[in-house]
Amino acid sequence: MGFNTSRRSFLAKLGIGVGSIGAVAVACGKSGDSYNDRAADYQKFKDERAAAVSANGSAGTGSSGGHGTAPVVQAQGHLDWREMDRMHKKGVEDFVANASKPSGKYGGQPLDFKMEGDVKVFNLNAVATKWEVRPGETKDVFAYNGVLPGPEIRVTEGEKVRIVFKNELPESTAIHWHGQKVPNNQDGVPFVTQPVIEPGATYTYEFVANPSGSHMYHSHHNAMEQVGKGLLGAFIVDPKDKSKHPKYDKEYTMVLNDTLLGFTLNGKSFPATLPLTAKLGEKVLVRYMNEGLMNHPMHLHGMPFQVVAKDGWLLPQPYMADTLDVAPGDRFDVIIDCDAPGLWAFHCHTLSHAESPQGMFGLVTVLIVEDPNKA
Amino acid sequence: MGFNTSRRSFLAKLGIGVGSIGAVAVACGKSGDSYNDRAADYQKFKDERAAAVSANGSAGTGSSGGHGTAPVVQAQGHLDWREMDRMHKKGVEDFVANASKPSGKYGGQPLDFKMEGDVKVFNLNAVATKWEVRPGETKDVFAYNGVLPGPEIRVTEGEKVRIVFKNELPESTAIHWHGQKVPNNQDGVPFVTQPVIEPGATYTYEFVANPSGSHMYHSHHNAMEQVGKGLLGAFIVDPKDKSKHPKYDKEYTMVLNDTLLGFTLNGKSFPATLPLTAKLGEKVLVRYMNEGLMNHPMHLHGMPFQVVAKDGWLLPQPYMADTLDVAPGDRFDVIIDCDAPGLWAFHCHTLSHAESPQGMFGLVTVLIVEDPNKA
Amino acid sequence: MGFNTSRRSFLAKLGIGVGSIGAVAVACGKSGDSYNDRAADYQKFKDERAAAVSANGSAGTGSSGGHGTAPVVQAQGHLDWREMDRMHKKGVEDFVANASKPSGKYGGQPLDFKMEGDVKVFNLNAVATKWEVRPGETKDVFAYNGVLPGPEIRVTEGEKVRIVFKNELPESTAIHWHGQKVPNNQDGVPFVTQPVIEPGATYTYEFVANPSGSHMYHSHHNAMEQVGKGLLGAFIVDPKDKSKHPKYDKEYTMVLNDTLLGFTLNGKSFPATLPLTAKLGEKVLVRYMNEGLMNHPMHLHGMPFQVVAKDGWLLPQPYMADTLDVAPGDRFDVIIDCDAPGLWAFHCHTLSHAESPQGMFGLVTVLIVEDPNKA
Numbered sequence: 041m042g043f044n045t046s047r048r049s050f051l052a053k054l055g056i057g058v059g060s061i062g063a064v065a066v067a068c069g070k071s072g073d074s075y076n077d078r079a080a081d082y083q084k085f086k087d088e089r090a091a092a093v094s095a096n097g098s099a100g101t102g103s104s105g106g107h108g109t110a111p112v113v114q115a116q117g118h119l120d121w122r123e124m125d126r127m128h129k130k131g132v133e134d135f136v137a138n139a140s141k142p143s144g145k146y147g148g149q150p151l152d153f154k155m156e157g158d159v160k161v162f163n164l165n166a167v168a169t170k171w172e173v174r175p176g177e178t179k180d181v182f183a184y185n186g187v188l189p190g191p192e193i194r195v196t197e198g199e200k201v202r203i204v205f206k207n208e209l210p211e212s213t214a215i216h217w218h219g220q221k222v223p224n225n226q227d228g229v230p231f232v233t234q235p236v237i238e239p240g241a242t243y244t245y246e247f248v249a250n251p252s253g254s255h256m257y258h259s260h261h262n263a264m265e266q267v268g269k270g271l272l273g274a275f276i277v278d279p280k281d282k283s284k285h286p287k288y289d290k291e292y293t294m295v296l297n298d299t300l301l302g303f304t305l306n307g308k309s310f311p312a313t314l315p316l317t318a319k320l321g322e323k324v325l326v327r328y329m330n331e332g333l334m335n336h337p338m339h340l341h342g343m344p345f346q347v348v349a350k351d352g353w354l355l356p357q358p359y360m361a362d363t364l365d366v367a368p369g370d371r372f373d374v375i376i377d378c379d380a381p382g383l384w385a386f387h388c389h390t391l392s393h394a395e396s397p398q399g400m401f402g403l404v405t406v407l408i409v410e411d412p413n414k415a
Numbered sequence: 041m042g043f044n045t046s047r048r049s050f051l052a053k054l055g056i057g058v059g060s061i062g063a064v065a066v067a068c069g070k071s072g073d074s075y076n077d078r079a080a081d082y083q084k085f086k087d088e089r090a091a092a093v094s095a096n097g098s099a100g101t102g103s104s105g106g107h108g109t110a111p112v113v114q115a116q117g118h119l120d121w122r123e124m125d126r127m128h129k130k131g132v133e134d135f136v137a138n139a140s141k142p143s144g145k146y147g148g149q150p151l152d153f154k155m156e157g158d159v160k161v162f163n164l165n166a167v168a169t170k171w172e173v174r175p176g177e178t179k180d181v182f183a184y185n186g187v188l189p190g191p192e193i194r195v196t197e198g199e200k201v202r203i204v205f206k207n208e209l210p211e212s213t214a215i216h217w218h219g220q221k222v223p224n225n226q227d228g229v230p231f232v233t234q235p236v237i238e239p240g241a242t243y244t245y246e247f248v249a250n251p252s253g254s255h256m257y258h259s260h261h262n263a264m265e266q267v268g269k270g271l272l273g274a275f276i277v278d279p280k281d282k283s284k285h286p287k288y289d290k291e292y293t294m295v296l297n298d299t300l301l302g303f304t305l306n307g308k309s310f311p312a313t314l315p316l317t318a319k320l321g322e323k324v325l326v327r328y329m330n331e332g333l334m335n336h337p338m339h340l341h342g343m344p345f346q347v348v349a350k351d352g353w354l355l356p357q358p359y360m361a362d363t364l365d366v367a368p369g370d371r372f373d374v375i376i377d378c379d380a381p382g383l384w385a386f387h388c389h390t391l392s393h394a395e396s397p398q399g400m401f402g403l404v405t406v407l408i409v410e411d412p413n414k415a
Numbered sequence: 041m042g043f044n045t046s047r048r049s050f051l052a053k054l055g056i057g058v059g060s061i062g063a064v065a066v067a068c069g070k071s072g073d074s075y076n077d078r079a080a081d082y083q084k085f086k087d088e089r090a091a092a093v094s095a096n097g098s099a100g101t102g103s104s105g106g107h108g109t110a111p112v113v114q115a116q117g118h119l120d121w122r123e124m125d126r127m128h129k130k131g132v133e134d135f136v137a138n139a140s141k142p143s144g145k146y147g148g149q150p151l152d153f154k155m156e157g158d159v160k161v162f163n164l165n166a167v168a169t170k171w172e173v174r175p176g177e178t179k180d181v182f183a184y185n186g187v188l189p190g191p192e193i194r195v196t197e198g199e200k201v202r203i204v205f206k207n208e209l210p211e212s213t214a215i216h217w218h219g220q221k222v223p224n225n226q227d228g229v230p231f232v233t234q235p236v237i238e239p240g241a242t243y244t245y246e247f248v249a250n251p252s253g254s255h256m257y258h259s260h261h262n263a264m265e266q267v268g269k270g271l272l273g274a275f276i277v278d279p280k281d282k283s284k285h286p287k288y289d290k291e292y293t294m295v296l297n298d299t300l301l302g303f304t305l306n307g308k309s310f311p312a313t314l315p316l317t318a319k320l321g322e323k324v325l326v327r328y329m330n331e332g333l334m335n336h337p338m339h340l341h342g343m344p345f346q347v348v349a350k351d352g353w354l355l356p357q358p359y360m361a362d363t364l365d366v367a368p369g370d371r372f373d374v375i376i377d378c379d380a381p382g383l384w385a386f387h388c389h390t391l392s393h394a395e396s397p398q399g400m401f402g403l404v405t406v407l408i409v410e411d412p413n414k415a
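Residue numbers (this note's numbering), protein chains in the order written: chain E, 41 to 415; chain S, 41 to 415; chain C, 41 to 415.
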């Protein structure tokens with residue numbers, strides 16, 4: 041389920057078609073496939089950035105700065121600024137290193153299914169397990185199929201869907217299909233639409249996928265705790281007729297959270313978050329989903345995005361923005377026209393969710409737009 | 041003013057036309073009116089749900105669960121899961137029982153008026169009183185006419201409105217007509233547009249109702265405390281010309297709050313909140329109004345809603361959503377096309393405003409959509 | 041930079057064309073210019089308000105109030121209500137007095153530039169200094185050019201812009217041009233797009249202004265602290281072709297903040313905030329910019345506004361509102377059609393950001409709409 045056991049599909053999910061973070065290939069010593077080309081592209085990219093950073097003016101060599109050789113001790117227990125800079129730098133380096141060779145498990149990969157007649161059947165369980173939010177920070181979580189976010193369930197509008205769920209938690213639970221128009225008795229609210237699913241019990245949900253778009257599944261029992269601990273995932277319904285939907289070249293889902301696990305993006309805190317990658321000229325669909333308790337205004341540097349859908353429903357009038365406030369339970373689809381090459385910070389603009397004097401953390405990643413003509 | 045003294049108008053406000061929560065009739069032993077039919081409908085509804093819940097698969101009888109006969113003692117002082125389930129279940133049962141026979145006072149009923157010439161005259165006071173947020177939880181509040189939310193003031197666009205207000209609080213106050221285009225000296229901001237209204241004083245507001253839509257009235261003096269304590273109500277202006285407005289069959293107002301009274305929906309915390317009811321095929325207008333200090337992303341299960349107005353102003357392009365972030369001071373009108381029968385959870389998706397290990401609380405209710413063909 | 045050294049441009053920025061707060065002229069004893077006319081207008085305005093307030097009914101003289109001559113001592117350490125009223129009144133009086141003759145420094149004035157060839161060159165530094173948030177409340181801040189917000193940088197779409205920045209802080213920093221499509225190496229994210237700018241160092245940013253609209257500049261290093269401490273300002277790009285943009289007569293920028301300095305509007309807390317002024321019939325553009333960590337639903341009394349742009353991008357379908365939730369990083373442009381004369385409260389509707397029992401504070405100001413026909 042984690043990165044090590046499904047690297048290829050993981051990379052596919054990351055959309056690595058021609059390069060960007062393909063440096064994993066080098067890191068793994070693989071050869072004989074197209075990974076080496078990608079690795080070379082990424083290495084060139086990193087070199088260019090390094091050159092840009094070191095060549096860029098006289099920063100750090102100013103003559104009028106009062107700083108000598110001794111660390112400046114700041115008032116009120118503040119970090120010395122050099123130590124602060126070192127920690128910020130290390131965070132970025134750790135992010136780059138992890139992007140090249142992700143360590144640990146990552147959630148949100150598409151869930152396998154089997155067909156039974158015309159029904160798409162998925163198997164899901166919920167377990168109490170450990171989850172590494174970032175290196176050195178491991179939490180006790182509840183997780184669907186052991187990963188966080190839970191595996192992505194992806195179907196097409198109008199398909200019959202069956203989810204066979206086994207509760208392996210030490211407490212009861214139930215699953216709500218947030219945004220789906222299910223029959224009332226499949227809605228997942230214990231004591232209102234169904235009995236609670238006790239520890240050890242199996243429960244089967246069945247419905248026709250509808251409407252299309254970006255939806256979610258999560259616990260609806262003791263939910264503040266259970267969703268907070270990790271019982272959440274993306275439920276994506278591709279439209280049957282895509283002709284009325286905006287076109288895009290690749291897509292990413294960003295599940296935002298802020299509860300018992302701290303501030304996480306797809307279950308990870310910077311620098312363990314993964315970058316988004318695209319080639320110059322590509323259109324990238326991002327599905328924002330908020331599974332937390334706070335609003336997260338997501339901000340992309342360098343390029344605005346077009347907001348095209350809310351809660352899976354196409355907006356009659358898409359609009360442009362570079363910062364979008366995503367509230368708990370919200371899903372927004374946005375399309376980025378990747379017309380600017382570079383590494384672009386992509387983060388929650390509530391800065392306390394993204395940076396401390398010790399460096400960036402939490403809801404931070406990078407969109408890498410590479411220019412193939414510079415290969 | 042409360043439920044006991046105006047049950048009929050209260051039920052009318054709940055929109056109980058053919059059934060749903062009409063079980064109040066049975067509970068009261070009334071007969072000879074149409075209530076019995078409604079009670080029967082509702083009873084059938086409850087029976088169906090009970091049957092659905094008990095018939096629905098093997099939940100709770102799984103063989104692989106490690107739970108024996110002794111309660112599982114959880115770490116960190118957590119509730120035993122069986123006790124947790126019991127408390128969740130009891131909350132739902134209490135909600136259903138209260139929906140059938142609401143106990144205690146409910147606010148927000150339409151305020152009576154008299155005509156003086158062509159002026160619609162309303163009488164309002166503000167008092168310090170007690171308010172039961174839910175059984176066993178009574179708070180010291182400030183309330184207009186003793187109820188919370190204050191009575192609904194409803195007029196038609198262009199009507200002349202006079203509100204004769206008596207301050208019976210132990211402190212000064214003033215009323216702001218949030219969203220109304222009043223003459224400056226009727227705007228209710230002490231020391232800016234009017235003198236403060238001292239304890240015991242009477243003050244008369246007068247203006248022409250405009251614009252139409254979902255508005256509010258509340259204190260604008262020491263307002264963080266006074267609104268927090270309950271000085272708030274809905275001010276609804278029906279449009280003079282409804283031809284450009286979306287059609288609906290019935291309507292509800294949801295006043296959201298989160299301050300000194302805890303998380304409340306129309307002055308009550310689940311399970312004391314009342315359900316919304318509709319017949320299959322009806323269109324229901326919901327007016328969200330946030331009188332609190334926090335954002336509340338309201339989420340309806342089972343059906344999306346169309347967002348048609350902001351702050352009383354029709355949106356030029358309505359859009360669909362199933363979760364809508366309502367910020368302090370915001371009003372949103374949404375229309376639910378009730379095409380799915382059942383009991384649908386309707387709650388704030390900031391889960392800490394809606395659920396604890398002890399069960400649901402706060403900003404939670406249910407939309408009941410009944411199918412007349414199943415009568 | 042502050043008020044004393046650039047009063048004329050400051051007044052111009054306040055848009056004082058024919059009156060409103062022109063009373064500064066009287067206060068300063070100036071004569072021989074058009075200020076006296078304005079002062080007279082404003083005095084009349086104040087007199088009218090005073091008359092309205094004192095004439096307006098029997099407030100405070102009610103016969104049934106239980107209040108005698110002795111102050112009512114309230115429970116729980118609450119203020120006596122008369123003392124509370126007195127403090128509220130004093131806040132408004134202080135606001136009016138300050139509006140007539142602002143004391144202390146104000147930030148956000150347009151930054152001077154020089155042309156070097158076809159490049160508009162701005163000089164900016166960052167310093168650790170003191171900033172008076174309101175009389176008696178002075179904070180240790182970081183500020184661009186010593187003021188808060190930093191000076192407004194204003195250019196036209198397509199212009200070449202160079203900002204020569206000197207870091208005079210005791211720690212490293214970098215500047216991000218929030219909303220601008222800059223080359224990647226001008227984006228201001230240390231260790232990702234550029235080296236960090238150490239204390240004493242100078243760094244030059246250069247890019248072509250694009251897109252047009254309401255943008256911001258702020259620190260992107262240790263940003264939760266540095267932006268919180270004041271490293272922020274408006275970056276406004278006038279459109280090259282204004283024909284597709286809505287027309288307006290004057291404009292204001294409202295930078296919202298809520299961090300280490302408390303709740304501030306353009307760097308000040310009520311009563312030190314400045315009013316907006318307009319003549320009856322004018323259209324006023326307000327640019328909301330949130331540089332804080334919390335959402336701020338801004339509410340204007342008396343008139344709705346039309347929301348015309350998000351993050352500098354024109355909305356394809358502007359919509360009306362009287363309350364608009366502005367999240368961290370957001371910019372919204374709204375246009376107020378000033379059709380109602382008077383003093384209209386304009387504040388964040390999260391009441392805990394705007395009022396306490398001691399009176400209004402924080403995110404509060406007033407829009408003054410004057411009727412020239414009453415001169």
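Calculated directly from the structure, the hints in this document are not laboratory data.
Take these hints with a grain of salt, some might be off.
Since the list gives no way to pick one copy over another, a pair counts as held whenever it fits inside one copy or between any two copies.
[Unchecked claim] 30 Å max Cα-Cα, derived DSS-like pairs, lysine-lysine: (1) Lys-414 - Lys-200; (2) Lys-290 - Lys-221; (3) Lys-160 - Lys-200; (4) Lys-221 - Lys-129; (5) Lys-282 - Lys-323; (6) Lys-414 - Lys-221; (7) Lys-414 - Lys-206; (8) Lys-282 - Lys-179; (9) Lys-287 - Lys-221; (10) Lys-130 - Lys-206; (11) Lys-287 - Lys-206; (12) Lys-154 - Lys-130; (13) Lys-221 - Lys-130; (14) Lys-160 - Lys-221; (15) Lys-280 - Lys-141; (16) Lys-206 - Lys-129; (17) Lys-179 - Lys-160; (18) Lys-129 - Lys-141; (19) Lys-154 - Lys-414.
The structure presented is a predicted model; accordingly, all values stated were derived computationally and were not measured.
Requested in this report: List in ascending order the numbers of the hints, as given earlier, that are violated by the structure.
Outcome: Hint check: 7, 8, 11, 12, 15, 17 and 19 fail, others pass.
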